[in-house]
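Peer 1: One-letter residues, chain by chain:
4 protein chains.
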Amino acid sequence: MNITLEQAEKAIAAAKQKAVAVDTKMNIVVDDAGANLVAFARMEDARLGSLDIAIKKAKTARFFDMNTGIIGELSQSGGSLYNIEHANNGLINFPGGVSIRNSNDEIIGAIGVSGSSVENDHAVASAGAETI
Amino acid sequence: MNITLEQAEKAIAAAKQKAVAVDTKMNIVVDDAGANLVAFARMEDARLGSLDIAIKKAKTARFFDMNTGIIGELSQSGGSLYNIEHANNGLINFPGGVSIRNSNDEIIGAIGVSGSSVENDHAVASAGAETI
Amino acid sequence: MNITLEQAEKAIAAAKQKAVAVDTKMNIVVDDAGANLVAFARMEDARLGSLDIAIKKAKTARFFDMNTGIIGELSQSGGSLYNIEHANNGLINFPGGVSIRNSNDEIIGAIGVSGSSVENDHAVASAGAETI
Amino acid sequence: MNITLEQAEKAIAAAKQKAVAVDTKMNIVVDDAGANLVAFARMEDARLGSLDIAIKKAKTARFFDMNTGIIGELSQSGGSLYNIEHANNGLINFPGGVSIRNSNDEIIGAIGVSGSSVENDHAVASAGAETI
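Chains as they are written, first to last, in the working numbering: chain A, 1012 to 1143; chain B, 1012 to 1143; chain C, 1012 to 1143; chain D, 1012 to 1143.
Just so you know, the hints here were simulated from the structure itself, not pulled from any lab data. Beta carbons are placed, not taken as given, at the ideal position from N, Cα and C, and that holds for glycine. Incorrect hints may have been included.
[As the list claims (entries may be wrong)] Now the in silico label distances, taken between C-beta atoms and shown as ranges: (1) B:Asn1113 to C:Glu1084: 38 to 46 Å; (2) C:Thr1015 to D:Asn1100: 24 to 32 Å; (3) D:Glu1141 to B:Glu1055: 55 to 63 Å; (4) D:Asn1100 to C:Glu1055: 24 to 32 Å; (5) A:Asn1099 to D:Asn1099: 25 to 33 Å; (6) D:Ile1118 to A:Asn1013: 52 to 60 Å; (7) D:Met1012 to A:Glu1084: 50 to 58 Å; (8) C:Glu1117 to D:Asp1056: 13 to 21 Å.
Make the full structure from the sequences, and use the hints.
Peer 2: What follows is the structure in structure tokens.
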């Protein structure tokens, strides 16, 4: 099972709505089950440097099938996955990357959001993922 | 002047419509005036390898403010720009990248399309650019 | 709004003057609003390894629209942006990168300075930014 | 012997003057004898994609101590240096890169120019190199 473009665009629309609700400007990425880009939107005046971070968050969430914040906890200094960021041409392990599941709870993709605090990034990504 | 997300999504919608009309499945990228990604859509079953090509076509069209096919003519073996592709971390110089202009004929971004023949790629990119 | 070459050269001249005043030899980079290089100067005997650092400081300051030292505080071990340096082909998050604003307080570019202590780097970058 | 920053800025000023005279907008790079950047200027509205090309032209001219156009002739299909562009993280072998020599005819650096036709690029680079 793989996310469709229609589903990805629905996730981006929901994430944009949440971003407006919390008064932020976000870069929003949706990857498919193969960790390849399906859809993207950068809101006006969203930080340029957050574009690549959003792309890497979606990739990281799908590569490990967990929220990026969880990998972040495991990769702190002294942690079991310390410095995992050097693999896969660069990972981002702070919150804002979330798996997307279908109604059978199968993973069909991932969403990555960047542009504000990590708490806001995660909230906006979750809003996008939960609409599927 | 810079393209807005709303304009970018309008260009992608027009390009998708044209892609369906010519019975193809495309990767469609819209960059802003700074050659940074604004919006992206990959249609179901569009070739995975065309994703990076579409991204590079949009970048190339904005970096040189001309259709990518024109640069391709100048960079053939023996041409004045032979091997220009080695600059800018990789360019794509065959058709499918087109400048996007506003009503004052100012360049506000670029569109890159990949997934079918170069003729179809260019036709779909042009449909997207002309809707702005 | 985007910085002009004339403004960028004025910022570099002011930064050079400050660098001489504090007896240092600096690499000085000015980027535009699109995070692309506008002007650069390397003073005689400035450290060669600081060239790339100055380029990355300017990029980082514009990508996140804040002083690079602030991102550095957020990206320490255990911080919310830990390991953000792996995005965007490498960021530099210690002091020496500063936003450049016009008289309307709009960001029109960024300056990155490297070659001495981070305190001196920041002082020289600020001298360049404030002259605009 | 190595080019000074003052000499590099003099070369850029002469190149800018020539660029205006031939009605073009250029990216102008000066490297030292170590092939490291000394000074750079991008004129307003110069092509973004020419920035990296100008950097690579200066590097190529110093790496091989000849005009980039000459290397271009040797690296055509069937030529003795065919595909040399793949070395050194990317070279540019069409005209616009020129060695800079001091009054003793010693090579002290190189200038790379990009933004117009290869004929104009070479003319502007030569104007910069000859002022030293």
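Peer 1: Give me the numbers of the hints this structure contradicts, sorted from smallest to largest.
Peer 2: Hint check: nothing fails, all pass.
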